[in-house]
Each structure stands twice: as C-alpha cells, then as structure tokens.
Amino acid sequence: MTLVTVLLVAAVLVGIGVWGALAQQTFVMIMMGIELMVNGAILAGAGLWAFAGGGVPEGQVLVIVAMAVMAVEMAIGFALVVAVYRARQADMTEGISSLKG
Amino acid sequence: MTAAFAVFSAAAIWTGWRVFRTDSMVRASFLLLASFLNVGAILVLLLAEYLGTALLFMMTVEMVVMALFMVMFMMNPAGLNPMTMVHQPRVALAAGALTTAGLGAVAVAGDFPDAPVDPAAATIRALGVELLGGSMLVFETAGVTLLATMVCAVILSSARGRYGDDDEGSVAPPLEPGGDHRPEDDLVADGGGGHGHMHHGGH
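If you read the sequences in order, they're chains A and B. So in this note's numbering, spot 78 of the first sequence is number 78, and the numbers just go up one at a time. So in this note's numbering, spot 187 of the second sequence is number 187, and the numbers just go up one at a time.
It should be emphasised that the hints constitute simulated quantities derived from the structure, not laboratory data. Just so you know, these numbers come straight off a predicted model, no measurement behind them. Be a bit skeptical, because a hint or two may be false.
[What the hints assert, rightly or not] Computed, partial: chain A to chain B, Cβ under 8 Å:
#1 41
#2 58
#3 78
#4 91
Think of the CB as a built atom: it goes at the ideal place given N, C-alpha and C, for glycine as much as any other residue.
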C-alpha cells in the first residue's frame, strides 16, 4: 500500500466518474458520476496526507472540506433537477436543448 | 494490510464501474454506496480513522437519499427495462481513459515527499484542535455554506414561483392593471418549444 498505488486507485475512480458523467443521459446518473469523481479526489487527498503529508491536521481539514463540498453539490444538484423538471418537464439532458447550437 | 487494501480498492473500482452498468435504480445507488464504503475502509487503513468513519456515515445517508431521487426521476420500474441510456459513448470512454492515464502518469512520475504519518500520533485529537483553532474560519464557513445550501435547495425546489403557485401558471403580473400578462416573463414552459418530456425506449 504505497502512495503510488493509492493514487492509481484514485485515478481509476476519477476516470470511471468522468466516463459515467459524460456518457449518461439522465441527470441523476450524471450526478452519480460526479460523486465518483469526488470519491477519487477524497481518496487521493487522504493518501497524500498519509504518505507525503506527515500527518499534519491541515491535510485532514482539506479532505473534510471535500466531503462538505460533496454534500453541498448533491443537495443543490438535486434541487436543480427538481426545478428543471418543473420548468421544462425534462429528466434527461436531451430534454433541455434550447441553448443547443 | 496490503491484502485488505487490494480487496477494498478492487471492490471500490468494480462497484464504481457497475453503477453505470446495472439495470436497477436502487441497485445503482447502493453500488455507489458500496464504492464509498470501500474507500472509507481504505481511509481507515491509511490511519485517517475519523475521515473514514465520517465518510461511511455521510455516504450511507447520502446514497439512500439518492436512491429516493432515482426512484422519483427514472421511470424504470423494478429494473424491468434496460436502463443503459448513453449518448456519446466513445467520447466518454476516451475522456475517462485519458483522465485515468493523465492522473496515473502524475501518480507514477510525480516526485512526492516521503513523510508517512506516525501511527502512534494522536491524529484525531490534532484534527479536533486544528478545526477549532487554526482552521476555525474553514469550519465556520463550511457551516454557513451548508445553511445557505439548505435554504437554496428549498427555494429551488419549491412549488411556489415568483408570481404564484407553479400549478396556476406562475405568470408575471401585467404592466398596467387590467392589461395582458408579460409573456417574456413566463416561468412555466415556453410555448411549444420547451416541452421535451422524453419517453424512454421500451415503454
């Protein structure tokens, strides 16, 4: 369990998140992709704290900030999904195409 | 411990991939939860016990809430219809592979300092002292941000629009009393162009 292996696992998680967020059509699945990306970021942050940070508490504060960001993003994201559905009856990305070029 | 790390990381990656491949809504949420639980376990192995446990608790609640939203928004009863609806699949795959390759290259080729955490150090106590000491501003800002998020989420999802209830059309009042309402301020779907309710294939 070295720093490189932890960071590689985090990189794979972020890559899967990017793939999911770009490929999925429904808003909820896109949000799941974003959650996976933040998951990878949290793992990378904690790994760097454990192996290269010397256990300084500021590193843990950064990971806590990332977790708070995830909670905020999920709450606002789902509120926006509800608002978009009310306004445009759209539950997929193809449903809101008024700005499409 | 390396074996435990290998098991947890493999499980985290596999469940993360299965999230987008499964046909059932609730199963997708719980697979994402499994991915988070495995990452939380890895965090505990990395001696960040508070972070790992906080992640376990937070993600359990968040993913159950997400399961609720999936049931609300995705018309796929009991997983009877295939749920894989993708657009730009090759672009997405390329972007994901590129991201993994780029971050992996940084991980392998990066020159990181070697300062492992001391297993005997009281890291949780140090975190507590730091959160209420030097990082108090971060702590308080996070609290206010969460409060603002709660207020915003309620406002964004409320049925009452600027000019009235959503069900009654929520249109702007006319500029002169007794005149026509202002059509450019309509908040309900814009005439014919905006109704894009997509019916999923197979219904």
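Against the structure, the hints:
Violation of the interface hint for residue 41(A) is found here, the shortest Cβ-Cβ separation to chain B being roughly 10 Å, above the 8 Å cut-off. Because the beta carbon of residue 58(A) sits about 7 Å from the nearest beta carbon in chain B, less than 8 Å, this interface hint is met. Interface restraint check: residue 78(A) against chain B, minimum CB-CB distance 5 Å, threshold 8 Å, status holds. Satisfaction of the interface hint for residue 91(A) is found here, the shortest Cβ-Cβ separation to chain B being roughly 5 Å, below the 8 Å cut-off.
When held up to the earlier numbered hints, the structure conflicts with hint 1 and nothing else.
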